[in-house]
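Going down the list, the protein sequences come from chains A and B.
Start counting the first sequence at 1; every next residue gets the next number (this note's numbering).
Start counting the second sequence at 1; every next residue gets the next number (this note's numbering).
Derived from the structure by calculation, the hints contain no laboratory data.
Even for Gly, the Cβ is constructed at its ideal location relative to N, Cα and C.
Accuracy of the hints is not assured; some may be wrong.
What the hints assert, rightly or not - The list that follows gives simulated cross-link-like pairs (lysine-lysine, PhoX-like), each with its CA atoms no further than 25 Å apart:
| # | chain 1 | residue 1 | chain 2 | residue 2 |
| --- | --- | --- | --- | --- |
| 1 | A | Lys56 | A | Lys38 |
| 2 | B | Lys66 | A | Lys98 |
| 3 | A | Lys98 | B | Lys64 |
| 4 | A | Lys5 | B | Lys20 |
| 5 | A | Lys5 | B | Lys66 |
| 6 | A | Lys71 | B | Lys20 |
| 7 | B | Lys14 | A | Lys98 |
| 8 | A | Lys54 | A | Lys5 |
What the hints assert, rightly or not - Here are a few chain A residues that sit away from chain B, every Cβ distance over 10 Å (derived from the structure):
| # | residue |
| --- | --- |
| 9 | Leu11 |
| 10 | Met29 |
| 11 | Thr45 |
| 12 | Val78 |
To be verified - Chain B is faced by these chain A residues, among others (derived, beta-carbon under 10 Å):
| # | residue |
| --- | --- |
| 13 | Pro44 |
| 14 | Lys98 |
| 15 | Phe101 |
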Amino acid sequence: DQQVKQNSPSLSVQEGRISILNCDYTNSMFDYFLWYKKYPAEGPTFLISISSIKDKNEDGRFTVFLNKSAKHLSLHIVPSQPGDSAVYFCAALQRAQKLVFGQGTRLTINP
Amino acid sequence: GAVVSQHPSRVICKSGTSVKIECRSLDFQATTMFWYRQFPKQSLMLMATSNEGSKATYEQGVEKDKFLINHASLTLSTLTVTSAHPEDSSFYICSASEGARSGGYTFGSGTRLTVV
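Extracted from the complex, chain B is given alone in its bound form:
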């Protein structure tokens, strides 16, 4: 089946630094990738939708200058958390879609970001 690789799985960074998270579709071309954030004991909140070669579409309340998304190819999307603060500490998950096919959403294994 479809596999999405997310890296790193865990990262600790200092306040003020930037962190890049990669999301790769390993055996399919992902026309669309999604980035989610999950707070403890809460739902997965969609942050943004990225389409290859175009600007990401951010959900309301998500700062696009803080969470930079790049979808440069059909197999790679990156999320960069810029000038990280402790409140950015969270679990970030990417998802890749093989197209407009229900159930065709594959999730990465997630990245636990801790900002100290």
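The following block holds chain A by itself, in its conformation from the complex:
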């Protein structure tokens, strides 16, 4: 039972353009969502998060949007840079308990 889904396994974007990574969830009890970035053979690093009481959170080039009615969130990266190439995982929390991860999306930024 995949409660957090990232349906796009990969995404390729031109440098300087906007990257949009999508994530859907099924559990309406999730109250906090996070995005992590992961390089091969390394642990995930935290990028940005959003509480379920908000619909947008912005931090520099990264913005996360939450649509609770659609149970959908997205991560926008603009402008995209070559160093952004990595696997991005969305994750969800329910009452600050264990993280539930999506399958990840491999983002490739082309020069």
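Starting from the known structure of chain A, arrange chain B on it as the hints suggest.
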């Protein structure tokens, strides 16, 4: 910021032997540590949650006798893969929590286990 050290980063062992992976929180006390396993091109799957001084809570389908978890102190948790088989080959990652604070999960750098 918070740092979690995971050791070793890479290990190759023979079938039937046991391997211990350490996870240390370097500059904070981790009340809870989590152990994940990642298969190629798949998500991070939570294996177990360990709280200092108590038994670990294992996720469904994870053999507790095979994956022994010890959280003896607030800064150290260990995962021991016992009687390893080739199918145990995977990338194992630990995470430490500073408490019930969203975003307060710090991950180790992971351990690539190869069982030959």
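| query | Which hints, by number, does the structure contradict? | reply | 4, 5, 6, 7 and 11
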